[in-house]
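For chain A, the structure is supplied; the task is to place chain B on it using the hints.
Sequence lines, in order, name chains A and B.
Per my numbering: the first sequence ends with 314, consecutive numbering throughout.
Per my numbering: the second sequence ends with 1400, consecutive numbering throughout.
Incorrect hints may have been included.
Claimed, not checked - Listed below are several chain B residues computed to face chain A (Cβ distance under 10 Å; list not exhaustive):
#	residue
1	Asn1097
2	Asn1190
3	Gln1203
4	Leu1366
5	Leu1382
6	Asp1386
I should point out that these hints are in silico values taken from the structure, not numbers from a laboratory.
The beta carbon of each residue, even a glycine, is placed where N, CA and C say it ideally should be.
Now for the letters of each chain:
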Amino acid sequence: MDASLFTSMLFATVVAGTPLIIVALGLLVNEKAGVLNLGAEGMMAMGAVAAFAVTHESGNPWLGVAAGMGAGMAMAALFGLLVLTLMANQVASGLALAIFGVGLAAFVGKPYEAVALQAVPPIRIPFIADLPLIGEALYNQQALVYFSWALFWGLLWFLHRSRAGLVLRAVGESPASAHAIGYPVIRIRYLAVLFGGAMAGIGGAFLSVFYTPMWAEGMVAGRGWIALALVVFATWRPLRVMVGAYLFGGVMVTQLFIQGSGLQIDFPSQLLSSLPYWATIVVLVAISRNGNTIRLNSPVSLGKPYRPEA
Amino acid sequence: MLELEARAEPSRLMAWASPLLAVALMLVGGLAVFAALGKDPVEGFRVFFLNPVKDLYALSELLLKATPLMLCAIGLAIGFRANVWNIGAEGQFMLGAVAATGVALYFGDAESALVLPAMVLAGAAGGAAWAAIPALLRTRFNANEILVSLMLVYVAQLFVSWLVFGPWKDPDGFNFPQTRMFAEAATLPMVIEGTRLHFGFAIALAALVAGYAFINRSHAGFRMRVAGEAADAARYAGFSATRMIWVGLLLGGAAAGLAGMGEVAGPMGQLTDKVGSGYGFAAIIVAFVGRLNAFGILLASLLMALLYIGGEQAQQYLNLPNSISMVFQGMLLFFLLGADVFIHYRLRLRRRGT
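With the rest of the complex left out, here is chain A (with noise of 0.2 Å):
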């Protein structure tokens, strides 16, 4: 392999992992506090719509990014409604967000079908961005891929180093015992959920304003599920969420390279095109295999509803 081919087949992993990064850290916050919020992909297609349409009026991307957070947002606020306040089953709301997410996305977004954004140019990061064949791949990127590591590190602080970061877990392991000592468990369950909300958001607005800029109905084509799924493949924790995700984007821009390389193999785009779907399968099944990993690691109040008795 040249070194060029390397360069840019590593910065497109690191593109196509950003997203991925963004909204599975999002939901990991979201699942530490015990709630399990299966419409990410419905947000993520709101924050990709929202960020698009308020982008290309304004023509400030950094608008649309706050308007696709704010989408994301607002689709979670809707969430913890149910799970929270009303007490619905997560998984059935969850789904309910999925699916109305994609359809409010694709009503909404039907007017903006049809145009482009310009792109928006990589901020370079002096010195280091001329290192050998990392440093185009790695420092010459979209502001969003360095607040995806920002976000990496903060939370690694937060989760481990924290009083806040503490508490939510507390919260997420054993919610009465976290009401017995006074913290607000249905309060601090929101603010993880809209936070869960915000990182699907803006993980959206990356997909219709960076990545690809435009929108068209099923761009997120599933990525909020393979975030889902990561949080699961990282057993909860932000570092396997990271190295997940830039596999994950190297086996689709694996795929696309191929696709895209004009060699003679006699394989059918549309199967290529298929594999990261089958990635996440694989490596579903090789970590769940082990009944003890997913038991010993997830949150252990995840999925259930609670009502602190007054």
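Just chain B, lined up with the frame of chain A:
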């Protein structure tokens, strides 16, 4: 201030009233949506909710739309009852369509009366085979069936697209991604002459009856209900969780595959890359709104079909995108999930400080 108070026993009245409440709230929400979009709400209501039931032909189209929904939903309901979350019915639907198409393309010209029954079997088998993947991975490797069945939807879509762009493409089809039209012997006959309502509808009704018998009258169905409502009791009684996962997924897959067969052998008459049109996902809503029982699913599938056709009408007469259907369908499920809180809780007025 208002407070939720746990009921001593779940309210039977609310269990029935909550879907009706959800429908009422959806109608109110719908009027608000029309108003917000600057359309006359009364006109919107007429086009969206009354046009689809205005005459016999409209009604036959409604039943045609409801057919795949009730088939997929009754199959899903069996699994959902045991907390087996198959949400990949959309993919199983497509694989059923593919298997039935295979029979139609290779044997359809035989003009034999056996072609259609073979397609029915192939459709059910195709859907069940696709659902067997999450069942196997869940029972052997403990892999979450929600995520696996869902990933397989995307794989199925790409597989269909490969078939209709590649080996099964109609050579005289001007390069459109579709197979050739099925022969007469591979097309379902009509129930009512002059409409598009085909015999798949009769199959769907039969499936509802069979689903009712399984859920409410069979021992296997009883075991699955127990497993869903009281998992510990089911384990104590020695009911096999593995078998329930297999039964739930295979029946769900077979029903969805049948629905897919009905679409290609019925209104479409060929396989195209648009075969999966969201019925498998909408059926999840149908199953919940129908309270996971056969009669409820019948009503809910008619309602959801109405929302689909209402969306088409709104596109035609009100110049709105037809994805408005999905907005209404999503609203319906949200309102239902919200209203369901009153099955287990009641509102109480309580003064502050007490």
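Hint-by-hint comparison with the structure:
1. Given the 10 Å rule on beta carbons, the hint for asparagine 1097 (chain B) is violated: about 19 Å separates it from the nearest Cβ of chain A.
2. Contact between asparagine 1190 (chain B) and chain A, as hinted, is supported at the beta carbon level, the nearest pair being about 6 Å apart and thus within 10 Å.
3. Annotation: interface hint on glutamine 1203 (chain B) holds; nearest CB of chain A at approximately 9 Å, less than 10 Å.
4. Checking leucine 1366 (chain B) against chain A by beta carbon gives a least distance of about 8 Å; that is within 10 Å, so the hint holds.
5. Nearest Cβ of chain A to the Cβ of leucine 1382 (chain B): about 9 Å, under the 10 Å cut. The hint holds.
6. A distance limit of 10 Å between C-beta atoms decides the matter here; for aspartate 1386 (chain B) the minimum to chain A is near 6 Å, and the interface restraint holds.
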